[in-house]
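S.K.: Protein chains in written order, with the numbering used here: chain E, 1 to 457; chain H, 458 to 542; chain G, 543 to 937.
By construction, these hints were calculated from the structure, which means they are not laboratory data. Be careful, since some hints might not be right.
Unchecked claim - Cβ pair distances, simulated, as ranges: (1) E:L340 x H:D480: 55 to 63 Å; (2) E:R236 x G:D888: 24 to 32 Å; (3) E:G92 x G:D803: 27 to 35 Å; (4) G:A614 x E:R236: 58 to 66 Å.
As the list claims (entries may be wrong) - Residues of chain H placed beyond 12 Å of chain G at every Cβ, according to the derived structure: (5) I462; (6) A484; (7) E488; (8) G500; (9) G503; (10) S519; (11) G522; (12) V524; (13) R525; (14) E526; (15) G536; (16) D538.
As the list claims (entries may be wrong) - With the Cβ distance kept under 10 Å, some of the chain G side facing chain H (calculated, not the full set): (17) A857; (18) A859; (19) T861; (20) R862; (21) D928.
For each residue, glycine too, the CB sits at the ideal point set by N, CA and C.
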Amino acid sequence: MSPAARVVVVGAGPAGMTAALGLAEAGVAAVLVDEGREAGGQVFRAGPGGRDRRGAALRRRVAECAAIDHRAGHAAVTLDADRRLGVLTPAGRLETLVPDAVLLAPGAVELFVPVPGWTLPGVFGVGALQLLWKSAAVLPQGPLVLAGAGPLPLLAAAQLAAAGAEVAAVVDAAARPGPSTLAGLAAAPGLLLRGMGLELALRRRSIPVLRGAAVAAVLGGPEHGAEGVEIVRLDRNWEPAGPVVRRIPARTVGLGFGVRPNPELAAQAGCRLAWDPALGGWHPTTDAAGRTSLPGIYAAGDGAGIGGADLALLAGARAARTIAGDLGLPAPPAARGEALRAARLARFRGALAAWCGVRPGIYRLAGPDTVVCRCEGTTAGEIEAAARLGAGSAAAVKLATRAGMGSCQGRVCAGAVQHLAAAAASLDAGEPAPPSARPPARPVPLSAWLSGCEPER
Amino acid sequence: MPAVIPRFRHAGPPGASVRFTIDGRPAEAPEGVSLAAALLLAGVDGFRPLCLMGSCQGCLVSIDGGVRERACLAPVRAGADVRLA
Amino acid sequence: MTGGAIEAEVAVIGAGIIGASCAWHLAAAGIRTVLLDASGPAAGSSGACDGYVSVSTKTSATALDLAAASQALYPALVARLPGRTEFETCGGLLLIEDEADEPAVAAHAEAVRGRGLDVRLVGRAELAALEPGIAPGMRGAAFAPGEAKVNPYAMTLALVAGAQGLGARTLWPARVDAVERIGARIAGLSTTAGMVRAEQYVFAAGAASAALGALAGVVLPVEPRRGELAVTERTAAAPRRVLVSGRYLAAKSRPEAAAGDADAETRLGYGFVAETTATGQCVLGSTRVFAGFGRTVSPEGLATIIAGALRRYPALAGTRVLRAFAGLRPFVPDQKPLIGRSRILDNLIVATGHEGDGITLAPITGRAVAALAAGRTPEIDLSPFDPDRFTPCQP
Numbered sequence: 001m002s003p004a005a006r007v008v009v010v011g012a013g014p015a016g017m018t019a020a021l022g023l024a025e026a027g028v029a030a031v032l033v034d035e036g037r038e039a040g041g042q043v044f045r046a047g048p049g050g051r052d053r054r055g056a057a058l059r060r061r062v063a064e065c066a067a068i069d070h071r072a073g074h075a076a077v078t079l080d081a082d083r084r085l086g087v088l089t090p091a092g093r094l095e096t097l098v099p100d101a102v103l104l105a106p107g108a109v110e111l112f113v114p115v116p117g118w119t120l121p122g123v124f125g126v127g128a129l130q131l132l133w134k135s136a137a138v139l140p141q142g143p144l145v146l147a148g149a150g151p152l153p154l155l156a157a158a159q160l161a162a163a164g165a166e167v168a169a170v171v172d173a174a175a176r177p178g179p180s181t182l183a184g185l186a187a188a189p190g191l192l193l194r195g196m197g198l199e200l201a202l203r204r205r206s207i208p209v210l211r212g213a214a215v216a217a218v219l220g221g222p223e224h225g226a227e228g229v230e231i232v233r234l235d236r237n238w239e240p241a242g243p244v245v246r247r248i249p250a251r252t253v254g255l256g257f258g259v260r261p262n263p264e265l266a267a268q269a270g271c272r273l274a275w276d277p278a279l280g281g282w283h284p285t286t287d288a289a290g291r292t293s294l295p296g297i298y299a300a301g302d303g304a305g306i307g308g309a310d311l312a313l314l315a316g317a318r319a320a321r322t323i324a325g326d327l328g329l330p331a332p333p334a335a336r337g338e339a340l341r342a343a344r345l346a347r348f349r350g351a352l353a354a355w356c357g358v359r360p361g362i363y364r365l366a367g368p369d370t371v372v373c374r375c376e377g378t379t380a381g382e383i384e385a386a387a388r389l390g391a392g393s394a395a396a397v398k399l400a401t402r403a404g405m406g407s408c409q410g411r412v413c414a415g416a417v418q419h420l421a422a423a424a425a426s427l428d429a430g431e432p433a434p435p436s437a438r439p440p441a442r443p444v445p446l447s448a449w450l451s452g453c454e455p456e457r
Numbered sequence: 458m459p460a461v462i463p464r465f466r467h468a469g470p471p472g473a474s475v476r477f478t479i480d481g482r483p484a485e486a487p488e489g490v491s492l493a494a495a496l497l498l499a500g501v502d503g504f505r506p507l508c509l510m511g512s513c514q515g516c517l518v519s520i521d522g523g524v525r526e527r528a529c530l531a532p533v534r535a536g537a538d539v540r541l542a
Numbered sequence: 543m544t545g546g547a548i549e550a551e552v553a554v555i556g557a558g559i560i561g562a563s564c565a566w567h568l569a570a571a572g573i574r575t576v577l578l579d580a581s582g583p584a585a586g587s588s589g590a591c592d593g594y595v596s597v598s599t600k601t602s603a604t605a606l607d608l609a610a611a612s613q614a615l616y617p618a619l620v621a622r623l624p625g626r627t628e629f630e631t632c633g634g635l636l637l638i639e640d641e642a643d644e645p646a647v648a649a650h651a652e653a654v655r656g657r658g659l660d661v662r663l664v665g666r667a668e669l670a671a672l673e674p675g676i677a678p679g680m681r682g683a684a685f686a687p688g689e690a691k692v693n694p695y696a697m698t699l700a701l702v703a704g705a706q707g708l709g710a711r712t713l714w715p716a717r718v719d720a721v722e723r724i725g726a727r728i729a730g731l732s733t734t735a736g737m738v739r740a741e742q743y744v745f746a747a748g749a750a751s752a753a754l755g756a757l758a759g760v761v762l763p764v765e766p767r768r769g770e771l772a773v774t775e776r777t778a779a780a781p782r783r784v785l786v787s788g789r790y791l792a793a794k795s796r797p798e799a800a801a802g803d804a805d806a807e808t809r810l811g812y813g814f815v816a817e818t819t820a821t822g823q824c825v826l827g828s829t830r831v832f833a834g835f836g837r838t839v840s841p842e843g844l845a846t847i848i849a850g851a852l853r854r855y856p857a858l859a860g861t862r863v864l865r866a867f868a869g870l871r872p873f874v875p876d877q878k879p880l881i882g883r884s885r886i887l888d889n890l891i892v893a894t895g896h897e898g899d900g901i902t903l904a905p906i907t908g909r910a911v912a913a914l915a916a917g918r919t920p921e922i923d924l925s926p927f928d929p930d931r932f933t934p935c936q937p
């Protein structure tokens, strides 16, 4: 690391990009570490299918900024309280950076809810289908159903339909928003209007949006993959209520129940984490300026609590000012009205989470034979049996069934395992156990530790 | 074995393409897309990615005999020898 | 929780493999038992360790005797347990890394043979034939075909399930907040899940034993010694036998040598262990450091484990590490467990302080504790493991 580069920003999404640019403006050279091939993260992903001017402009500014050392294809995999950051390079080596400040902007991970048939070929995360379009102009062929909760399935449906995909239906677990929800969402009128516009666009294309409903099963078989979906109604707790109300043919199914913060590096370092459903679950706590509980470690964007891209842009800029100030540099002033705007977006986020944040009844969609842990093939029935036999704790269930111990390390199934275990043991799921801090944050070949790049002695 | 009709199609402007192999069989994909996108366009069965953003580990492949890696983060490269197992 | 106390003949505190084995053996002896834990079964060290059921890795004469007796009990015990334990007699290799190691390993092999175990020295060629993934630089090994492995947390859960099947009660999460004493007896435990009253109590709280002892007014000098391990994905390159470096024995028994040493392996008390699980993943260990009760894996610890493993077993180079984790080994200053009836409190039996040997020693410990609780004399001599040997002025 060059001596001038005293700050490492992890994640080149909205928060990380604005933070790196803000640092550059304050005269701080930053290393911008990101796993992707290009800056942008998931929302501002580069590619032929995307038509986002904001993302393109940001990516260009990052690329043209001489003070930003953007390391594409580099995955941050370990972090300790002394800010020793282990980075896996594209050449497969593990490098250790020890900057004065680390900004964690790792973004979000998708929330998945297991349903019968979700392991069939043709079933993807909603985000995956969106990314295929944005980054590669690849579209599903044949009827497509997008299901889950919140704005993502709706947004994906509008984008993919406009691009020429055959969207058969959108299924949303959340009921139609009531007056109090709408009042809360009105805190960010622009975003609310955009959401209503999406719905209108779908209606113009005669794409049905089924609310208060869920895909109870993906039909099909291993040979031909997904062939259709079964729809059920949900009650207020999102528990399936009543029989199958519709069957819709589909060759591709996108499932997505929103996103949660990615707290892995913060947990490894020992940052204080907190549970807050309004922020998407476990996240590192930060003060108003973006400082975590550990000196020199900062967090911003969805990784510090789900708030969406607009809030992440503001949080990245704010964290850059904080870091510059903490390094003893004169920090540029905040843009006018920024605090007010952030407060409005936070209100919007709260209303959105209360309306379409995952409710526990949805995990009843999994039948006894439904695979929950895709890596290890553990079924819901096995998880429930283990929970009844031993403790209700997800940790004990994990040890007993191997659920969450495969190559994704529970990143896909942890939430479902927790809920199924608690429900089977008749415990209040309440606050789930904090995420485990078991490095590395990504699988790393043993060979990466060779070649004399161990931490300084 | 490729499915009868691939589940995905390329809808972008036609441009250069690259040739590579999947378990020894020849395949072709638009230049610049991820290897995961290329495999989906080729209609490969038994390739079961979920998230395509680096998290689920469902798209592991070996490229040119290397350590298994995520196809969603790797670009498709001309001449690559991709192994699914 | 309100209402009446939970009553039993024996209350076992700690549902790690030691407490679970005690509970099973007590229940099997027809004793009404309750097993409680602050978190749940295998939540501590037993859920974060390797599963080597080994005699050849024990250093002192007493440890060798105890380990040999315990290993012999394993096959019959697992046969009586419900569910999988993944117990397998897979054999073990104690590696000779260079010329300097050879005399020590040879002498050790002789001592192990003295306990009736089949151990023989193999040279470079035979070692390569046994385990082709081993580094060609290794000189040889002490090969013990009778050594075994078990899935430590599956074993713990099977012991718990077995004890439940025999009528034992389990209680968790139930943290002991206070120990009620009447004279030289424990009258009850105040826990977060209510009051627990028993005629006798077994303290099997592993690394948390010192604090539990303090609540009861007994000195249990157990310190947490953090052991870090890494686990790989499934791989055909994993070894068939459990591999341990001959130097591991030294690392294990010289805790005072560690701090401040320039060499990371020495400073972190590193000893090479590689064990393949039933799923085909490779468990790589391990460090041993005194660093309080934190269970965070240090980047340096992880780097040391990986570099150490590749030096001895380079075939894993292309395999990916999925996760690293740490367990707190219950360390006792003279490195002998505390097993036996307390002389301070009449109705207390202690079973803790096994450090890294709890998996191997669980059957013999549980059996001895059950005998003590039933008023019988255990088959083994427990005098070296007297739990009061650190109490300053004994009555």
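S.K.: Indicate, hint by hint, whether the structure satisfies it.
M.R.: Evaluated hints:
Taking 55 to 63 Å as the suggested C-beta distance range, the pair E:L340 and H:D480 conforms, at roughly 57 Å. Separation of E:R236 from G:D888 is about 58 Å and departs from the stated range, judged on CB atoms against 24 to 32 Å. Against the hinted window of 27 to 35 Å, the Cβ-Cβ separation of E:G92 and G:D803 comes to about 30 Å, which satisfies the hint. At roughly 60 Å, the beta carbons of G:A614 and E:R236 sit within the given window of 58 to 66 Å.
Here H:I462 stays apart from chain G, with its beta-carbon at least about 34 Å from theirs, past the 12 Å limit. For H:A484, the condition that its CB be more than 12 Å from all CB atoms of chain G holds, with the nearest at approximately 24 Å. Every CB of chain G is more than 12 Å from the CB of H:E488 (nearest about 29 Å), matching its label as outside the interface. With a least CB separation of 27 Å from chain G, H:G500 remains clear of the 12 Å interface cut-off, as annotated.
With a least CB separation of 17 Å from chain G, H:G503 remains clear of the 12 Å interface cut-off, as annotated. The non-interface label for H:S519 is inconsistent with chain G: the shortest C-beta to C-beta separation is roughly 9 Å, within 12 Å. Against chain G, the non-interface label of H:G522 is violated: not every CB pair exceeds 12 Å, the least being about 9 Å. The Cβ of H:V524 does not lie farther than 12 Å from every Cβ of chain G; its closest approach is about 5 Å, which violates its non-interface assignment.
At the 12 Å boundary, the C-beta of H:R525 falls inside the reach of chain G, the nearest C-beta of that chain being 7 Å off. In this structure H:E526 is not separated from chain G by more than 12 Å, as the shortest Cβ-Cβ distance comes to only about 9 Å. Interface exclusion of H:G536 from chain G stands, the closest Cβ pair being 21 Å apart, more than 12 Å. The beta carbon of H:D538 sits about 16 Å from the closest Cβ of chain G, which is more than 12 Å, so the claim that it is off the interface holds.
Contact between G:A857 and chain H, as hinted, is not supported at the beta carbon level, the nearest pair being about 13 Å apart and thus beyond 10 Å. At about 9 Å, the closest approach between the beta carbon of G:A859 and any beta carbon in chain H falls short of 10 Å, and the interface hint on this residue holds. With a cut of 10 Å, the hint placing G:T861 at the interface with chain H holds, because the nearest CB-to-CB distance is about 8 Å. For G:R862, the interface hint holds, the least distance from its beta-carbon to any beta-carbon of chain H being 7 Å, beneath 10 Å.
With 10 Å as the threshold, the beta carbon of G:D928 stays out of range of chain H, its nearest partner Cβ sitting at about 51 Å, so the hint is violated.
Consistency note: the structure conflicts with the earlier hints numbered 2, 10, 11, 12, 13, 14, 17 and 21.
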